[in-house]
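**Student:** Can you build the whole structure from these sequences, using the hints too?
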Amino acid sequence: NLLNILVCVQAVHTRIALQRQYLATLGKLSPAEDDSLWKLINNQRAECKHYETTWTFAMDISKMAVEAAYVSGAEQASITIRTNIQLAQSQIDEAKKGSAEADRKLAETKADEIQRMAEYHAFLQNNDHEMHEAYLRED
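For the sequence shown, this note's numbering gives the first residue as 1, with consecutive numbering after it.
Mixed in with the good hints, there may be bad ones.
Unchecked claim - Derived pair list, reagent style DSS-like, types lysine-lysine, alpha-carbon separation capped at 30 angstroms: (1) K97 - K110; (2) K63 - K110; (3) K28 - K39; (4) K110 - K96; (5) K28 - K105; (6) K97 - K49.
The set of hints was computed from the structure by calculation and includes no laboratory data.
**Tutor:** Spelled out as structure tokens, the structure:
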């Protein structure tokens, strides 16, 4: 279970690194490279969601095991399991927090990209209009 948590944390960090790479190369990639990078980012997002689902299921089963241990009289075992569950839950919450932060940063990146593209297109249109006026003045 701890290994899965570490793998998910690694997936979140990989996803954040990919998003930073995307932001650093914004406007410099070909459409194919851009699509490829987005596929990697989306695959990392799907991997994180997969781990979250798996952990939720594992946590539910573990909680049932705690209850069964307690009911059967294995009080010390139930306390140990409960402590481990709390530790795992805090690590899962931290991974979810990192994933949510990555989603937020990705949304900001996308908004920045849209803003930059709009500014760039406005700049091009303005230059085309100025060039057309300059051409007309020369006649």
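**Student:** Please work out if K97 and K49 have their alpha carbons no farther apart than 30 angstroms.
**Tutor:** holds, 12 angstroms
**Student:** Is the straight-line distance between the alpha-carbon of K110 and that of K96 30 angstroms or less?
**Tutor:** holds, 21 angstroms
**Student:** Does K28 pair with K105 here, judged by a C-alpha cut-off of 30 angstroms?
**Tutor:** Since the Cα atoms of K28 and K105 sit roughly 19 angstroms apart, the hinted pair holds (cutoff 30 angstroms).
**Student:** Given the hinted pair K97 and K110, is their alpha-carbon gap at most 30 angstroms?
**Tutor:** holds, 20 angstroms
**Student:** Checking one constraint from the list: CA of K63 to CA of K110, max 30 angstroms. Satisfied?
**Tutor:** This hinted pair is violated, its Cα atoms lying about 40 angstroms apart.
**Student:** Is it true that the CA of K28 sits at most 30 angstroms from the CA of K39?
**Tutor:** holds, 17 angstroms
Taken one by one, the earlier hints fail for this structure only at number 2.
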